Amino acid sequence: QKEVEQDPGPLSVPEGAIVSLNCTYSNSAFQYFMWYRQYSRKGPELLMYTYSSGNKEDGRFTAQVDKSSKYISLFIRDSQPSDSATYLCAMASSWGKLQFGAGTQVVVTP
Amino acid sequence: SQTIHQWPATLVQPVGSPLSLECTVEGTSNPNLYWYRQAAGRGLQLLFYSVGIGQISSEVPQNLSASRPQDRQFILSSKKLLLSDSGFYLCAWSTGQDNSPLHFGNGTRLTVT
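In the order they appear, the protein sequences are chains A and B.
The numbering of the first sequence is my numbering, which starts it at 1 and goes up by one.
The numbering of the second sequence is my numbering, which starts it at 1 and goes up by one.
Treat the hints loosely; a few may be bogus.
The following label-pair restraints were derived from C-beta to C-beta distances [to be verified]:
hint, chain 1, residue 1, chain 2, residue 2, range
1, B, W7, A, P81, 43 to 51 angstroms
2, A, D66, B, G96, 24 to 32 angstroms
3, A, S82, B, G16, 27 to 35 angstroms
4, A, G16, B, G16, 28 to 36 angstroms
5, B, K79, A, G16, 49 to 57 angstroms
6, A, S28, B, V12, 39 to 47 angstroms
7, B, P14, A, E57, 29 to 37 angstroms
8, A, G16, B, Q70, 43 to 51 angstroms
9, B, Q70, A, K67, 37 to 45 angstroms
10, A, V107, B, Q2, 39 to 47 angstroms
Just so you know, these hints were derived from the structure itself, not from any lab.
It should be emphasised that the depicted structure is a prediction, and the values quoted were computed from it without experimental measurement.
Each residue gets a CB set at the ideal place from its N, CA and C atoms; glycine is no exception.
Looking at chain A on its own, in the form it has when it is part of the complex:
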């Protein structure tokens, strides 16, 4: 079993809709959680960085962490065609290296 599970998609939504992405994990020691956005043929770009449980909001993006369920989410409000990309989750314990999900491809159609 992989430590981090992420549905590869593709996830197709109409412009203006809410995009909902999630990852599940098995290691209860994970405390640091990240979301990256990767456009085609580019490197991943850090979107959100959170510690422990709770919500974090940054503009149209909201990251949620539920450590009791070992489940993290990223929501994108008012989605735009420019949000079309692959989104990767990543997480780490206080001593371990980052573990990445495989990424979810998102397509926002005009």
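Given chain A, put chain B in place with the hints provided.
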């Protein structure tokens, strides 16, 4: 601000040829440096990481090697490329803590023919 440069952006090499990919970081000192390979649909595979000059840790035994000749320079090499070395190679840096986020370069797409 910190920036990371990685080159070349694309590379086509024949089987058996050598490889050298270079990565440099600006605007920070003593970063942790990483080489990842990304295969389609398979996520990011950590290949090497370095916490200082001359200090290299290998995560996956393979046909590749890494070196860090200067504080902010990281090089990925191979003496003889295999077809299976094709992929998207990403360099990244972070601060000294293992759990700190990584910041990636724009990658090199390597095709071995």
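Each hint, compared with the structure:
{"no.": "1", "hint": "B:W7 with A:P81: 43 to 51 angstroms", "verdict": "violated (30 angstroms)"}
{"no.": "2", "hint": "A:D66 with B:G96: 24 to 32 angstroms", "verdict": "holds (29 angstroms)"}
{"no.": "3", "hint": "A:S82 with B:G16: 27 to 35 angstroms", "verdict": "violated (42 angstroms)"}
{"no.": "4", "hint": "A:G16 with B:G16: 28 to 36 angstroms", "verdict": "violated (52 angstroms)"}
{"no.": "5", "hint": "B:K79 with A:G16: 49 to 57 angstroms", "verdict": "holds (53 angstroms)"}
{"no.": "6", "hint": "A:S28 with B:V12: 39 to 47 angstroms", "verdict": "holds (45 angstroms)"}
{"no.": "7", "hint": "B:P14 with A:E57: 29 to 37 angstroms", "verdict": "violated (50 angstroms)"}
{"no.": "8", "hint": "A:G16 with B:Q70: 43 to 51 angstroms", "verdict": "holds (48 angstroms)"}
{"no.": "9", "hint": "B:Q70 with A:K67: 37 to 45 angstroms", "verdict": "holds (40 angstroms)"}
{"no.": "10", "hint": "A:V107 with B:Q2: 39 to 47 angstroms", "verdict": "violated (31 angstroms)"}
In terms of the numbered hints stated before, the structure departs from hints 1, 3, 4, 7, 10, listed from lowest to highest.
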